[in-house]
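Protein chains: 4
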Amino acid sequence: MTLAPSLVALSENDFGADKPREECGVFGLYSPVPNDLAWLTYLGMFALQHRGQEAAGMCVSDGEKFHVEKDLGLVTQVFDERRLDSVRLANARVSIGHVRYSTTGSNLRFNAQPLTTRTNKGILGMAHNGNFVNALEVRAEMLGEGALFQTTNDSEVMLNLIARESHMDLVEATAAAMRRLKGGYACVLMNRHALIGFRDPHGVRPLVIGQREDGAYALASEPCALYAVGARLLRDVQPGELVWVDRDGLHSLMVEPRAPTPCAFEWIYFARSDSQLDGIDAHESRIRMGEQLAREFPVDADIVVPVPDSGIGAAIGYARASGIPFDYGLYKNPYAGRTFIAPTQEARELKVKMKLSPTSAVQGRRVILVDDSIVRGTTSRQIVNLLRDAGATEVHFRVCSPPITHPCFYGIDTAARKELVASTHTQEEIRQLIGADTLAFISERGLREAVGGPGLCMACFNGNYPAGTPLLNDVDKLALEV
Amino acid sequence: MTLAPSLVALSENDFGADKPREECGVFGLYSPVPNDLAWLTYLGMFALQHRGQEAAGMCVSDGEKFHVEKDLGLVTQVFDERRLDSVRLANARVSIGHVRYSTTGSNLRFNAQPLTTRTNKGILGMAHNGNFVNALEVRAEMLGEGALFQTTNDSEVMLNLIARESHMDLVEATAAAMRRLKGGYACVLMNRHALIGFRDPHGVRPLVIGQREDGAYALASEPCALYAVGARLLRDVQPGELVWVDRDGLHSLMVEPRAPTPCAFEWIYFARSDSQLDGIDAHESRIRMGEQLAREFPVDADIVVPVPDSGIGAAIGYARASGIPFDYGLYKNPYAGRTFIAPTQEARELKVKMKLSPTSAVQGRRVILVDDSIVRGTTSRQIVNLLRDAGATEVHFRVCSPPITHPCFYGIDTAARKELVASTHTQEEIRQLIGADTLAFISERGLREAVGGPGLCMACFNGNYPAGTPLLNDVDKLALEV
Amino acid sequence: MTLAPSLVALSENDFGADKPREECGVFGLYSPVPNDLAWLTYLGMFALQHRGQEAAGMCVSDGEKFHVEKDLGLVTQVFDERRLDSVRLANARVSIGHVRYSTTGSNLRFNAQPLTTRTNKGILGMAHNGNFVNALEVRAEMLGEGALFQTTNDSEVMLNLIARESHMDLVEATAAAMRRLKGGYACVLMNRHALIGFRDPHGVRPLVIGQREDGAYALASEPCALYAVGARLLRDVQPGELVWVDRDGLHSLMVEPRAPTPCAFEWIYFARSDSQLDGIDAHESRIRMGEQLAREFPVDADIVVPVPDSGIGAAIGYARASGIPFDYGLYKNPYAGRTFIAPTQEARELKVKMKLSPTSAVQGRRVILVDDSIVRGTTSRQIVNLLRDAGATEVHFRVCSPPITHPCFYGIDTAARKELVASTHTQEEIRQLIGADTLAFISERGLREAVGGPGLCMACFNGNYPAGTPLLNDVDKLALEV
Amino acid sequence: MTLAPSLVALSENDFGADKPREECGVFGLYSPVPNDLAWLTYLGMFALQHRGQEAAGMCVSDGEKFHVEKDLGLVTQVFDERRLDSVRLANARVSIGHVRYSTTGSNLRFNAQPLTTRTNKGILGMAHNGNFVNALEVRAEMLGEGALFQTTNDSEVMLNLIARESHMDLVEATAAAMRRLKGGYACVLMNRHALIGFRDPHGVRPLVIGQREDGAYALASEPCALYAVGARLLRDVQPGELVWVDRDGLHSLMVEPRAPTPCAFEWIYFARSDSQLDGIDAHESRIRMGEQLAREFPVDADIVVPVPDSGIGAAIGYARASGIPFDYGLYKNPYAGRTFIAPTQEARELKVKMKLSPTSAVQGRRVILVDDSIVRGTTSRQIVNLLRDAGATEVHFRVCSPPITHPCFYGIDTAARKELVASTHTQEEIRQLIGADTLAFISERGLREAVGGPGLCMACFNGNYPAGTPLLNDVDKLALEV
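Residue numbers (the working numbering), protein chains in the order written: chain A, 1 to 482; chain B, 1001 to 1482; chain C, 2001 to 2482; chain D, 3001 to 3482.
FYI, nobody ran anything at the bench for these hints, they're computed from the structure.
Ideal Cβ placement from N, Cα and C applies to all residues, glycine included.
Incorrect hints may have been included.
[Unchecked claim] Quick list of the computed label-pair ranges, beta carbon to beta carbon: (1) Val3008/D / Arg445/A: 50 to 56 Å; (2) Ala1009/B / Leu72/A: 21 to 27 Å; (3) Glu3081/D / Arg2348/C: 22 to 28 Å.
[What the hints assert, rightly or not] Here are some chain D residues the structure puts well away from chain C; computed CB gaps all over 10 Å: (4) Thr3116; (5) Val3138; (6) Gln3150; (7) Glu3346; (8) Arg3348; (9) Thr3393; (10) Gln3432; (11) Gly3463.
[To be verified] Computed cross-link-like contacts, EDC-like style, restricted to lysine to aspartate or glutamate with a CA-CA straight-line distance of at most 16 Å: (12) Lys332/A / Asp3309/D; (13) Lys332/A / Glu346/A; (14) Lys3332/D / Asp3309/D; (15) Lys65/A / Asp80/A; (16) Lys2332/C / Asp1309/B; (17) Lys3332/D / Asp309/A; (18) Lys19/A / Glu394/A; (19) Lys1019/B / Asp1309/B; (20) Lys2019/C / Asp2309/C; (21) Lys3019/D / Glu3419/D; (22) Lys19/A / Glu428/A; (23) Lys1332/B / Asp2309/C.
Chain A with its partners taken away, still in its complex shape (with noise of 0.2 Å):
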């Protein structure tokens, strides 16, 4: 017999879904000597999977041959032993990889990584991370053209644009579609013999460029994967640039360079700690908020507690400007995350006690917690809720992001702006909703200032989208249609 409440299965990403998400990450390699590209590839990507878990694929090529496999699913599923084993090349040169968090959709398996095309400018392997904001006005001019569109995938776009452009070389022809794409993207792109990045006119999303001792070049979206595949970092790929590599060496070009405005977020939340963007490191950028938030919006209490994992270095920074004790008042279930049954009634709130429990510290305690964000506010009622109900007596919220007010149109998923709770309500209004004593979040100014360095995108945060916006209204209408 069958009991009443039916189960559901909580995926991966209904335990994260009250995170602002990164859309994918990209990498690449070009070795001058034999390697195991295939395998080095799976060891980047891996390095990036926090950075897209629905899918995963690369290619491979010697030369000759071009392997590619692709999946949904998380790398080191989608790559099995057999799997894996297939897209190895004894004189492998050139790689890709892709890992995606992508949106819904019934295609999905379909618009999985890395993109292969056969052109004029032989066959081609792309992947991206962002968005172009015009790619559904060029993807109608071009079906009127004759064009085929196969996937809903940007990366397919670029591809048209490049082949379109029979008369240019590879290099060429990417750079005028870059020049006819607007938006934020970092990509990576191979033929047979050479591997090519690019990244936006301003820098929207992250690339950088590494080198191994043996003199082979990668690309990633982050340097931990580099770092991961034993390569150095030599530098971050400058807004508009696009590099290439093949057998002489790495080349430069500077398609359209603009004033740089680096996502915000890769610092407050989506780059790994051990990783460095645009000559920031995300740790100490992130300790550095923590201090802000200490000095802007100090209040008086017993310990500083983070929302694990994203929170501590901001956690670590607060205790430090305000002489708070840091503590570990929240432990992590590290096997959550994982697809888990639950009753339907019940689920909404396991998402968060499956993942998170309070430890004795809070017990009798007046707690800083500190997290990176609010997205909906749905998670941080919960966490709060945990903490009183395992004794603390009073939860002070501090936030390393100011109020999310706006959706992003480069290629990070927060939510739809009428789900974003601080696009509707107050700051009071939050507090209240999330039954925190006080509520905090960090100044524009003051994130500016703990980031450092360049221009920052905050177009989430307050409107100003410094790469544009789509153009098109009708977006469901042309989706529909074509």
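Fit chains B, C and D to the known structure of chain A by using the hints.
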């Protein structure tokens, strides 16, 4: 400890590796009334499973949504409950399905059909059986014009041709594409509102039309798939004909009718024994082949034994015409055909031994053994050996097809020419090779009479290719470069 | 959106649900020379797959190690490369294997055989076919003495009896256990050094002995499994005989020989057509059943059509004795039998329609249809309908077994008595129910003559149970309480 | 083409191979009111997942039915929707659950717990954590009396002892069995109507009792599992106590109370930081261990860095007592721990590199690294190397446990004695081996003070085994013979 002789897995295909193989089966539905098209398409594809075992897929549309699912495996493996449910639509109007026996390659998964694409004519789904002999030539031309090719699938060439004619409507553009591509093929094509089917000018590959009592039209490679969905056979699509079904009913356009030369092997082996193609019943034609063989090559013996299941009809015919009793001398294991583990060095012999074993009927008897064809001869030799080991005193081998000496360019995978035993050995040499007392192949004339009806494509027996041959000598080179 | 009619998965068993079912097949090997016993056992089990499709397992020992693997599924599903490799031993000496069609229950997995256990006689592995009619009684007695029962498997009762006789050696203890347990059974048993086989006093269930040229002995439910491992048939194990093989060769002990009454259904349906049991060939006995049916129940008609595959032999016999041509009027889909998805309300009809479809041979013909048995009658009715829909003008149903009116207590699952159509309907009512023009079952006498040889167990036809019946009325209660 | 270095799959266990391992976690529920016990048990087991990752299982009964499911894998892998649903009962009354880290062996699947068996006391389910040191001796005795052993699981010995006492009721028989078996263990046992729990005389392994607001009682290895099902901690089961819950509530019997010596490693490493055992909070005791280490082995440095996650508490304590700042110097990849593919020769190094990577915090800093234990030392050496490669100028290694020099006989898998680096090397040699500037282990006295409370079992540090040692020298021989 692992034993020295390593184990290998023999798949479905290994068991049938010494037979010609149909490369595909196609199916399509248009329903003016609500029907569960996903499930009906599943039924139709299942009835065509014998035409392709390596991949299966379908598209379904309700006029707005357009779902597609496809993967490697049998129909019943690809479509489990969850996956079949995922393509069901409450008001489904149009659907197509495909089963594929595919050539090897690293991208098998991505080559599965139907192929779906967005074009200036809306979203299209297409599946084909057969082969365009000038596909590579057309492809090279379109690459030069900036087209992308994401698969090595002929359907993609057809879809590019259709999309290129941006000034024509879908039917006109499809007819234009038919005129441009040569070869032997049968295709189904759908958008959100209509189902299209077309057959090559010579009708080399089959395609039939049926209708259900509720008015829904069906297209299929064989009538058995019509019956499976409760439709009766209306007629064959004519050679060179394009038909389409929309809200106004069934329409026809004779695009390029030529002298009909349907593939002889459909009656010899491919078609299910409950199918009729171009007005000729498969089971009856096989009985006539057996009768013809008995007349052409009589021999004194005790029993007539079929190689099950494909030789049963002809063995019945041989027994009738000769007066020698039919008997069931080879048991066919119904569990053979699934993946089977074997030590590497024994794998070859096992392919036959696991599938067939002699019954007591052959002991002490002079046996006439009736089979549909001989490709490499290796299987035939093993079957003769089995019969002798079981006590058959004589084995007289009778074959329902003439010797296969030429490759097929119209979608049938026989074997490389050098592997075709009849292209490198005399009939007497083959007899010695397989160890039979006598060996006889039906004559071309005899086969033509047994099938009856129109002209037949017998290119694999005599090298006369009615629908042309590939134009480029450098097929392999092209495949690599583009 | 999900459509109203929900989908269900029809399994292998649903397709065959209207047939009697053998509950198991057993196999064993003892090799004095190094042999790959794991793989040979796999071959033997595969040849017995028709006797049980729900679970498979094997034990292998080299005199020291003792490996076992078993699980739900077909032999080829349970034993993939990795798992088969895991039971291989370089110096394997003894092995047993088992295929099971099992009754339903929540613990199916734990009931898979062979059962392995550590006892005062060392580690033992055991597998059985058939049923001990007094197992529950013995079990209750042993529970009182402090025994544990971890399965509901009869082998466990036998093993407890063997272990209880701690003063006897293994052969003596097994003989003692045979004397205590009643019913119809054939068992294989092994320790690290010897293979044992035994058959019930009446020989209801079959067991044969074979030998390979290299001296290895094999035990199997049917000779086809001997042939599969390259062994020739030496002889049947005699009713009531216990045989064992060890380093000194083959030994025999007649424990409890009684008048032989082997199960008639082995020849009617269970045994493969290439098997011989108790000296009688299965295929030949089926031809004689058909001949007998033609003599007992002649009818004027155009063709004789078998229900494939089990009715083929008898249809050949009927055709020979009657002079009416044999024809292949029902195509059997080789892909039926695997899990198939269907809307709930159509599932029942589909079980037959997916498997069988009529060929043109029956159109406009008076058909004599030959099948092995009728259990519930539902399948028979659907087959008759199929033939009529395809244009058969008359359908004369001929059955190779007498009406099944009683349950089997010796290991065959027919159906509950109330579901047996022949126990609740007259023959004329059955004819009307299935819609045949005439219906005839072979007579008991006619069946006995067709099989020939010794006495036969015909309990399911006449209620005479030669090997006893269960002693306890409260079977269900006991099963629940213990 | 396959590359020379073959790939291997590193599993969950390989990643943690240099840690002591708890062998199991147990859980049980008795509910006087309707509750979804299957799902609550799943929750409880999930909260105990850190205590065993190789197998999971549960039993549920409603007073009549008795369901069991178990298999290899994590709780969330074994129990998908279908399988969890299969053990749900509308009126469930009693349930037990088990997670297992198991020793290797061919029969792993069959050794999964709970073990279920039919006995003269009805059907029983049992699961245990820990080890009976005289199990083999008792087993040998019972084999001689005719008992069967189907697993190598200690629970089976206990169940045989219980069944043997056929004149006693279940509680009396269990108490008798407790008196017969020696060692360190905590067990849960159920029949259809009652839940039983018991703990060894010295309380080496933990067991706690909780209660939900609706009156349902829970037993668990740790309180975190009580909280997971909404129960509050009532108390610890006492050393040597047997408790049972039935319709009359909670009962207790002190069977064999001795001086309490709970396992010190529960506080050092095993218990979740949100658990309290025998009245002592895990997180707080770890902070005290760090403080103690700082007092015993101070050193001048820049930052205190934990090996996450187990070293976090102690690192906080060390930082507090020393005044040296705590920092997050090692990033832990949350995706490590799943199966990972690696070339054979690089696999060893990768186990650490895939899991941990240094942040910028360590660059140019003198680092105090705090870890819970050193078993083989290989992991420690790699971590020290990682820090040095990242620019740490000094690495001072501080360990929360004394050197491990002896094996555990009470259910903890450390390593074979010869693999324990501290049993074969001096402390200075270990320091050189792992490459630290200084190395210090907490003193036994210091550890005792940090934990506080009762006596502790420190056998793995000093060889004093409070609950006895195995009596037989010929363990391996016995295992083979029976």
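Now for the hints, and whether the structure bears them out:
A beta carbon spacing of about 52 Å between Val3008/D and Arg445/A agrees with the range 50 to 56 Å that was offered as a hint. Checked against the hint of 21 to 27 Å, the C-beta distance between Ala1009/B and Leu72/A comes to roughly 25 Å, which is consistent with it. Look at Glu3081/D against Arg2348/C: about 27 Å separates their beta carbons, and that is inside 22 to 28 Å. With a least CB separation of 7 Å from chain C, Thr3116/D falls inside the 10 Å interface cut-off, contrary to its annotation.
At roughly 13 Å, the least C-beta separation between Val3138/D and chain C is larger than 10 Å, which holds for a residue marked as non-interface. The claim that Gln3150/D lies off the interface is violated: its Cβ sits roughly 5 Å from the closest Cβ of chain C, which falls inside the 10 Å cut-off. Every beta carbon of chain C lies more than 10 Å from that of Glu3346/D, the smallest distance being close to 23 Å; the non-interface claim holds. For Arg3348/D, the non-interface assignment is confirmed: its Cβ lies about 23 Å from the closest Cβ of chain C, beyond the 10 Å cut-off.
With a cut of 10 Å on Cβ distances, Thr3393/D stays outside the contact zone with chain C, its closest approach being about 48 Å. With a minimum CB-CB distance of about 41 Å to chain C, Gln3432/D clears the 10 Å threshold, and the non-interface call stands. Against the 10 Å criterion, Gly3463/D stays outside the reach of chain C, whose nearest CB is about 32 Å from its own CB. The straight-line distance between the Cα atoms of Lys332/A and Asp3309/D is roughly 9 Å, inside the 16 Å bound, and the hint therefore holds.
Between Lys332/A and Glu346/A the CA atoms are separated by roughly 20 Å; this puts the pair beyond 16 Å, and the hint is violated. Between Lys3332/D and Asp3309/D, the direct Cα distance comes to roughly 8 Å. Compliance with the 16 Å bound is thereby established for this hinted pair. Among the hinted pairs, Lys65/A with Asp80/A is inconsistent with the structure: their alpha-carbon atoms are about 21 Å apart, more than 16 Å. Taking the CA atoms of Lys2332/C and Asp1309/B, the gap is about 9 Å. The hint holds against a cut of 16 Å.
Among the hinted pairs, Lys3332/D with Asp309/A is consistent with the structure: their alpha-carbon atoms are about 9 Å apart, no more than 16 Å. Distance check on the hinted pair: Lys19/A and Glu394/A sit about 24 Å apart at the alpha-carbon level, beyond 16 Å; violated. Restraint check for Lys1019/B and Asp1309/B: the C-alpha separation of about 13 Å stays at or below 16 Å, so the hint holds. Proximity of Lys2019/C to Asp2309/C is assessed by CA-CA distance (about 13 Å); at most 16 Å being required, the pair is judged to hold.
Taking the CA atoms of Lys3019/D and Glu3419/D, the gap is near 12 Å; set against the 16 Å cutoff, the hint holds. A threshold of 16 Å between alpha carbons decides the hint, and for Lys19/A with Glu428/A the separation of about 21 Å lies outside it, so the pair is violated. About 9 Å separates the Cα atoms of Lys1332/B and Asp2309/C, which keeps this hinted pair within 16 Å; it holds.
Going down the numbered hints, you'll see the structure goes against 4, 6, 13, 15, 18 and 22, while the others check out.
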